[in-house]
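From first to last, the protein sequence lines are chains C and A.
Here the first sequence stands for residues 1 to 579, numbered as in the numbering used here.
Here the second sequence stands for residues 580 to 1495, numbered as in the numbering used here.
Be careful, since some hints might not be right.
Pairs of lysine-lysine, DSBU-like flavour, derived with a Cα cap of 30 Å [said to hold, decoys possible]:
1) A:K744 with C:K139
2) C:K371 with C:K432
3) A:K744 with C:K137
4) C:K191 with A:K744
5) A:K1034 with A:K1044
These aren't lab readings, by the way, just hints derived from the structure by calculation.
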Amino acid sequence: MVSKESCRNEIRAAIRQLSDRCLYSAAKWAGEQLVGIEQDPSNFTPSNTRFQRGSSSIRRRFSTNESISTPQPSVGFSQAATPLPEEDETIDGDLYLLAKSYFDCREYRRASHVLRDQTSKKSVFLHFYALYLAGEKRKEEEMIELEGPLGKSNAINRELVSLERDLSALRRTGAIDSFGLYLYGVVLKEKGNETLAIASLVESVNSYPWNWSAWSELQSLCTSIETLDRLNLNNHWMKDFFLGYAYQELRMHTESLAKYDYLQGIFSFSNYIQAQTAKAQYSLREFDQVEIMFEELLRNDPYRVEDMDLYSNVLYAKEACAALSYLAHKVFLTDKYRPESCCIIGNYYSLKGQHEKAVMYFRRALKLNKKYLSAWTLMGHEYVEMKNTPAAIDAYRRAVDINPSDYRAWYGLGQAYEMMGMPFYALHYFRKSIFFLPNDSRLWIAMAKCYQTEQLYMLEEAIKCYKRAVNCTDTEGIALNQLAKLHQKLGRNEEAAYYFEKDLERMDAEGLEGPNMFEALVFLATHFKNHKKFEEAEVYCTRLLDYSGPEKEKAKSLLRGIRMAQTGFPSMDLEHFPI
Amino acid sequence: MAGLTRTAGAFAVTPHKISVCILLQIYAPSAQMSLPFPFSSVSQHNRLGLYLLSLTKCCDDIYEPKLEELINQLRDVGEEMDAWLTDHLTNRFSSLASPDDLLNFFNDMRGILGSPDSGVVQDDQIILDPNSNLGMFFRRCILAFNLLSFEGVCHLFSSIEDYCKEAHSSSAQFDASNNDLESLTHYDQMDMEIYAIDKATEELELQKNVSGSVPFHLHTPEAIFKVIEGLRVSPKESSRTSKKITETTLVASASSSTVVDTLVDESLFLRTNLQIQGFLMEQADAIETHGSSSSFSSSSIESFLEQLPNLAPELHHVHFLRYLNKLHSDDYFAALDNLLRYFDYSAGTEGFDLVPPSADCSMYGRYEIALLCLGMMHFRFGHPNLALEVLTEAVRVSQQLSNDTCLAYTLAAMSNLLSEMGIASTSSVLGSSYSPVTSTASSLSVQQRVYILLKESLRRADSLKLRRLVASNHLAMAKFELMHVQRPLLSFGPKASMRHKTCPVSVCKEIRLGAHLISDFSSESSPMTVDGSLSSAWLKDLQKPWGPPVVSQDSGSRKSSTYFQLCDHSVSIPGSVSQLIGASYLLRATSWEFYGSAPMARMNTLVYATLFGDSSSSSDGELAYLKLIQHLALYKGHKDAFAALKIAEEKFLTVSKSKILLLKLQLLHERALHCGNLKLAQRMCNELGGLASTAMGVDMELKVEASLREARTLLAAKQYSQASNVAHYLFCTCHKFNLQIEKASVLLLLAEIHKKSGNSVLGLPYALASISFCQSFNLDLLRASATLTLAELWLGLGSNHAKRALDLLHGTFPMILGHGGLELRARAYIFEANCYLSDPNFSVSTDSDTVLDSLRQASDELEALEYHELAAEASYLMAMVYDKLGRVEEREEAAALFKKHIIALENPQDVEQNMA
């Protein structure tokens, strides 16, 4: 275990270095982790303790057991201490100071120009970084200016070529530092040279692990577990953050949760870790737990917008209108032009049934971030509600093209095609969706329903799907009932009885009643009577007697028949008069 | 949203257009001199005008020439004043130092347009009429410029800078950016050495190509060169031919852009939607025509198509193209993926110009087309059951959405699918699927279903005026009627003179119903098709009547010569159309084959192979080869056939569902029978039978053929009762599955069996029945051979029937000699000799030549065929005749031949080794 003190010192120094180089989001992230470390008793202030005490009481409800039971990393897992790099100049040059203030005012090109002949590593990096950002800014502008009839112009960051040239020259002479390597990786990635980009980023994080921006760039390049495993990374506690994040994106939620559990031992109060844990739990569909986590997160950090779209999804799923509207309002006041805020508002309108408005807000979210995956999918849902299937299909397809493993969008595509009466075509999409999430009963049931449609009427295939759904612990209990009915329809009474019994067990366990229950009881009673298993039949009949309605009469007549058969009347008579 | 294309037709100002404007200004300056300054003669002036006209016409093309190329062309056009023109052009460009200069430039430009109301025009005055072609172009440029925002002007300005810089740098043979690039790649290679990552090399290469700094050298459209050549050759006549020149310009430029490098030119994406759509259509045609051949590199197109969506994400047609490309390179998963993606984005409303836009399409999309395409894709990849399910769904959906066009196409696709799948295999599939169309017909046989589907599709296509579909449906209909003879119950019999649709004339009639497609398909052209994709010359050729090949062989040859001309212009024929025409020739060949006219069949096949071989689908091409090889085997002997087979094997063995193997087995069997190698023959029969029952079902026709061959093998082995058993069973099968043509040949076989077994009386009714069958189905060649058998049977009854037999033979001799194969002819000759010899009134000594001639002919032909049995018979007869004539030497010769053949017949082993 790394000592908290050393972590704290490392992060403190790192924040200073990162903000010197204007890597603000990495500095922000590091800052969040710094206060996430459990309070140093030597220099606590009253305000700090208040901040932390409030949260820890709630946390204990959930995480005390876990943190105790979490196995500590194995013995061989030694954390290599990476020495903090020394600053190359203690006193900043005047030009650097000027450039930094230009940079802070977002005058990137000016900042870059000021530093054109500087030689200190910090100035060199800032020079290139400012140039890169200037190019990005111009690219964004050009994108809008040049938007041709075909949707997108060929706007590119015009600085990339020269940046790549200069940085690779620096790299060759060995004059590049880890920040430069990070920038080089980013440039290579944009130019589409992923292998080299990964190598450069790995080198950067190995020599300077505290730059979270580098880690997240690296994550975005790890699109498969094979790539991730192939990375040659030094052990450092930052690597655990990275792995947790990467596992999560690769849908390995339990592995990811394990990583976060371990990290929570050091960074007990990190909002980031809490939010990530909530995300993983959300994917595992633990909505209640996620809701509590988010509530707590908001209490600690009331003006947080990141990840709040996920919270709104949870609230949507729980149909908590009021809470959702409260969240939307709060986020709206904080920062209205964030994709997340628009998405939350969209969710709210969707829950209220105002689909046109919802679409408008999702569109706004997409305007702010074209690659905002969940907005595409949610917009697809809205279009489905509005019965505009072509638009829905388009939206889903865009989501799928951004991230081909988005099972929700595949599922949505299947649903849309099924709605249009093309079940055979839809099957392919359901198959795709199931490929990415094979143990979700809802997907299997949707596919089974597709097979069951009157156009296809492929019941054998439907049965197979329902069986898979049952194996995936179908929570809604549709599969068992359908299996029984299908078998009944196909005249396989033994199988039907088996599944009706199972369904009955399930309903008993959950304390449910309803038409399914009657149906099962009536079928089972008749079935056992026909097979001369009078005792079983009687048990089901007596259960039926507890209810009123036509089923009760049916049960009575069944019972009568059973008595007659049992009292030795010629059985052949009964055979001829099935009741 | 929903994949609807944006309004097309934006006319963007580009540097190239500005240079055209500058030249225009030189051509027609606002100062009203009779002849502007640099021109020394009127003809010189006119030539520049013509050149400008062709330039403006080319402006809708995708690729625009670079400044350097333009200057080179000017050099050719301008002769002595070229230096002045070039200088003026470059000076003008270099004077554009700021966006403001651009603004002033266009303001000046407006001055050279003549005002529309200036009615009084002085004689020599040069005015640019605003409504002329040049004037319109000019006005469009000005308008487009005026619509630009300031940012747009800035971008135009910077692209003009690039435009000039490129010309300068390339002329100076020193390119700074190029140099940079080299050093860049050098660095990259250093990096690679450091990292030692194996995969990087390819990516680096790719990236090098992609990066925009590689000077992209464009091939100058040949069109312009042509114009220049035209100008140079005939400056005097140019005004007269000007129209023609521009026409060819359009056509040629359209075609030249398909050959152009597939690298992405940056300026390409400033083009309009329409232009790119047109370009993509051309690419699609290219993929379809070259797709099957290996020479066409699908990967180069693929890499180009991969970049397109990055740059033009709203252009969904690209996905369809990628699908096509993948389809032709047999990549199932990628094809499926791209097909689905295309339809998800476009909702089937983009790129399908054959479908007239209807009011409701925008709301619901046209996903039924997706189903249709998916069905055809599954079919192509060999999943007929899946394809049928999908097509059934397509039928349902198009009925729901009342999309008759799609329905017509789907029905046609379905009937095609059903007819291709063979007979026995489909019944189970159709039974399981639920469909409004097929379920109504569930009680019918598959053939009837195919027929109904075709009829329905034809009716719809006819009413919707879908010419291509109508044509292909007629073709399919003719094919269907050819393959499945309908026997009217009432008027059956040899006396009722009636025509079945198997008659080549009626086949041609049916085909001709679809032929007006070719002269008509230009009217079907849509805004999508590239302007001028149809050459007028080509159409002119078609105006000439092209009668059915029935008239005479002479007319056929004339026709093919027009088609040779046609082939020169074939770039402009859409691939699908030429495929259709090609298929119609194949069908004609088949119908002549049935009819029994070998030369006509061969001619039609040859026409197909020479003219449509390039554009044909591989399966059609294979079929043509098969036909030609079969012809070779029949008329030239086995040696030639096997040599040809070897070539065909190399070419087509990779094709899915190849029929080459089938043909090989048939040929081997044939040859084994001739050589008397019955074991091998039996083995071939068994293998054929094995081919007939695949995993998918039973191919009835193939099965019938296999048992027919088995019966023949048994016959050759002299196991008569078994052979007749097999034949009887076969006849029942044919009757059950309504295979009429096969019935006729089975009957003939039965007659043959009885003849060989010596029961001529029993054979007679079979032979007669076969003849009547042949007569009613217009199977003339088969009828001739049945008549021959009949004659043989008569002779078998005794020598007193020799006269009658001879008469019968002489009646069919023209047919046999004109169209029959080697074997049939030899048989006829031998039989003739036999007849004469057995005729008591015939004396050998006086009339020996009649007999000897026939026998010599026969033995020559049999030599090529390696048919030992008959050859032995012929030499035996010859020896006998010589013996009677007392010509001892020749007798010994014939006897030696006889001995040779008999020995070969009895020792077939050594022949087998040759074959293996």
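* To do: Sort out which numbered hints this structure fails and list those numbers smallest first.
  => none
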